[in-house]
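Undergrad: Input sequences plus hints: build the corresponding full structure.
Residue 1 is where the sequence shown starts when you use the numbering used here, and the numbers rise one by one after that.
The set of hints was computed from the structure by calculation and includes no laboratory data.
Any given hint might turn out to be false.
[To be verified] Distance ranges between label pairs, derived from CB positions:
(1) Asp113 to Gln51: 21 to 31 Å
(2) Ala162 to Ala129: 20 to 30 Å
(3) Ser43 to Asn134: 17 to 27 Å
(4) Ala38 to Asn134: 40 to 50 Å
(5) Gly88 to Gln52: 11 to 21 Å
The model shown is predicted, which means the values in this text are computed figures rather than measured ones.
Here a beta-carbon is modelled for each residue, glycine too, at the ideal position from N, C-alpha and C.
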Amino acid sequence: MPTSRPPSVRLATAADVPGIAEVHVRAWQRAYAGIVPADHLDSLDVSVRAQQLARRFGPDAVSGTVPTLVATGSGEDDGTVLGFVNAGPYREDDVPADGPGWGEIYAIYVHPDHWSHGAGRALFDAALATLDANRTVALWVLEANANARRFYERMGFTPDGATSVFEVAGAEILEVRYRRDPAT
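TA: Right, dumping it as structure tokens:
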């Protein structure tokens, strides 16, 4: 059952790792069905993903790691990780060097049981708040992921013509870049 009140967003802690892993795996399995090879999606394992994520939050975490924000539920879902987001400086070198630079939303995922209930918007707004308001903000999305593309368009992003190839499980999948320029 989806949360009854808007989710809250906060900085993730090591205690959130199992929830983040659950969200990541389930979101991939649902959102990328028919896009990413099925055998790869079927092989995704929450416990393996949690072990990978634990390195980012444990005592051996790499300094300078991009922070993860989580949306947590209220009511029946109190404290449950509903989704997560990472954002920071743009990672590619294909943008103009002058100006205030670009920001990027690296990843945003919400558990499929909580799609269309406000967690994605809350995470998106929180991620944008961490970035300089004078920056162009970009993100990459699989071209075939129509649901995500509609969401980003509702958030004021538009495709800018840049493309890339995302390789997963031997498949080459086209990604498109979306961006939102600062308000003028």
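Undergrad: Compare the structure with each hint and give your call.
TA: Hints, one by one, checked against the model:
Between Asp113 and Gln51 the beta carbon distance is about 23 Å. The supplied range of 21 to 31 Å therefore holds. Under the hint 20 to 30 Å, the C-beta atoms of Ala162 and Ala129, about 25 Å apart, fit the expected range. Checked against the hint of 17 to 27 Å, the pair Ser43 and Asn134 fails, with Cβ atoms roughly 42 Å apart. In this structure the supplied range 40 to 50 Å holds for Ala38 paired with Asn134, their Cβ-Cβ distance being about 43 Å.
At about 19 Å, the beta-carbon gap between Gly88 and Gln52 stays in the expected band of 11 to 21 Å.
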